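Here the sequence shown is numbered in my numbering, starting from 24 and rising by one per residue.
Simulated from the structure, these hints should not be mistaken for lab results. These numbers were taken from a predicted model, which means no experiment stands behind them. Certain hints may be false.
[Stated by the list, open to error] Here are the computed lysine-lysine pairs in the DSSO-like style, where the Cα-Cα straight-line distance is at most 30 angstroms:
| no. | residue 1 | residue 2 |
| --- | --- | --- |
| 1 | LYS209 | LYS94 |
| 2 | LYS93 | LYS134 |
| 3 | LYS283 | LYS346 |
| 4 | LYS209 | LYS93 |
| 5 | LYS134 | LYS94 |
[What the hints assert, rightly or not] Derived CB-CB ranges, DEER-like:
| no. | residue 1 | residue 2 | range |
| --- | --- | --- | --- |
| 6 | GLY175 | ARG453 | 46 to 56 angstroms |
| 7 | GLY240 | ASN431 | 45 to 55 angstroms |
| 8 | GLY72 | PRO357 | 50 to 60 angstroms |
Glycine included, every Cβ here is placed at the ideal spot set by N, Cα and C.
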Amino acid sequence: MTAARTRLSGLYGACLGMAMTATLVPASPALAQPAHPAHSARTASVGDGCSAADAPKTVEEQRLSSEVPKKILARSGFDRFATQLGSSLCGVTRLADAERLVTDHGRALWKAAVDRAQGRGPDGGDLPRGDDRPLYWARLGMTKALRAWTPGFPLGDADRAALLGRLERASRGQDSISFPGGTGIKRVVVTGFDPFQLDFEIRRGNPAGANALALDGTTVNTAAGPARIETAMFPVRWADFTAGTVETTLLPHLTAGPAKADLLVTVSQGRPGQFDLERWNGAWRGGSPDNLWVGETGTIPVPPNVPTIVPQPQFVPTTLPYKAILAAGVGPFPVLDRTTVTEIPAGGGTPVERTDGPTPGSTARAGGGGDYLSNEIAYRATLLRDAVRARIPAGHVHTPVLLFGPDNTAEITDPTFERNRREIVDQTRRIVIVAAGAPAEHR
């Protein structure tokens with residue numbers, strides 16, 4: 024292992040403000056890419072007294088005008104969150120109060136989504152509780168409201184970006200990971216993702232997100248004793264990853280102290296009909312468009328002021344106990360050991376796919392999980408693990424694709440969709456339980 028270079032001073036506080044990032048399998052190049060409006064557009068609605076009628080909207084926020092998001096929000100009761108935030112902002116007269124307000128509203132959204140998924144409180148409508156989509160669309164309604172807010176005091180672009188960052192982090196559970204003190208209980212961090220590829224199918228959900236909502240704050244029994252699971256959600260946006268959202272969220276749980284995790288599992292949606300345990304994560308972005316319809320190609324950039332390894336490794340391995348997981352037989356879907364990578368061999372040439380992992384001195388073009396943001400979160404998490412010498416199991420799990428019934432072309436849910444999500448979430452939970460309880464020799 025090459026020496027770790029510690030670049031630790033001050034992980035930025037507003038890393039997410041500028042962008043409003045599976046499967047994470049990228050959009051198929053065989054599909055015609057739909058025409059899409061520019062990154063931001065102006066609204067045509069009339070202002071309400073403290074909102075700009077022509078406020079810019081991101082590509083994600085523009086999708087809120089479609090009927091599907093409206094139905095998802097109405098049938099879950101989550102259409103209330105954007106309205107509540109907008110109304111509350113009208114009474115704010117100081118930046119410090121706005122900071123507290125958006126954080127509180129963001130955390131309230133996250134808590135409501137977790138509670139709904141775990142059967143607490145009113146269901147808010149007839150949409151099944153396990154659905155991750157209300158959280159996604161409600162958050163966009165809130166960022167849209169915050170972007171349109173016209174306060175009665177000067178608010179610069181940087182301050183508004185910082186407020187958006189606070190709202191993003193709070194509504195994703197990124198700033199509320201909290202473990203109980205003492206010994207005798209394992210601490211587990213599991214991550215999820217937003218829905219994506221919505222211009223091809225706007226009804227999509229993400230089982231990795233549903234899993235995060237189902238597991239957050241739960242305690243499970245493992246072969247090694249009880250384990251507390253805390254989760255966080257991540258966007259399908261290249262810019263947020265460049266800004267360091269992964270490192271900001273995970274670093275406190277990879278360094279010594281009461282917040283340190285004993286297990287880290289990043290999760291995303293992968294291939295139809297199977298789970299994949301990704302053995303190698305590659306340092307390459309393949310360019311497929313994200314939820315803002317932006318593509319990025321090149322070596323994964325490591326943000327400044329975080330620990331890293333120099334020179335930057337091209338591939339980073341999982342340390343999940345994949346042997347124990349493969350042997351456990353934990354559900355209806357097969358679980359595969361994914362050792363494939365794409366590399367440019369040492370000395371150059373064209374990229375080649377290898378089924379037995381990378382060769383010495385090669386340059387990454389795809390990890391086992393591809394070259395999109397699922398591979399990237401796994402790469403960032405395992406690189407950070409090694410940079411701070413956190414000797415814990417950490418790696419990536421790809422879930423099966425969440426599918427609608429074959430005859431459903433318009434409804435936002437159906438029995439196949441609900442059963443599929445439930446089975447994927449249940450099996451992902453069992454994989455995490457096996458990983459948390461496995462002895463070291465099974466890694």
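Against the structure, the hints:
Annotation: proposed proximity of LYS209 to LYS94 is violated, straight-line Cα distance about 40 angstroms (limit 30 angstroms). Of the pairs offered as hints, the one joining LYS93 and LYS134 holds, with about 21 angstroms between alpha carbons and a cut-off of 30 angstroms not exceeded. Between LYS283 and LYS346 the alpha-carbon distance is near 24 angstroms, which keeps this suggested pair within the 30 angstroms criterion. With a CA separation close to 40 angstroms, the supplied pair LYS209 and LYS93 exceeds the 30 angstroms bound.
Distance check on the hinted pair: LYS134 and LYS94 sit about 21 angstroms apart at the alpha-carbon level, within 30 angstroms; holds. Remark: the range hint 46 to 56 angstroms for GLY175 to ARG453 is upheld by a beta-carbon distance near 53 angstroms. The beta-carbon spacing between GLY240 and ASN431, approximately 33 angstroms, falls outside the hinted interval of 45 to 55 angstroms. Range check, GLY72 to PRO357: about 57 angstroms between beta-carbon atoms, so the 50 to 60 angstroms window is met.
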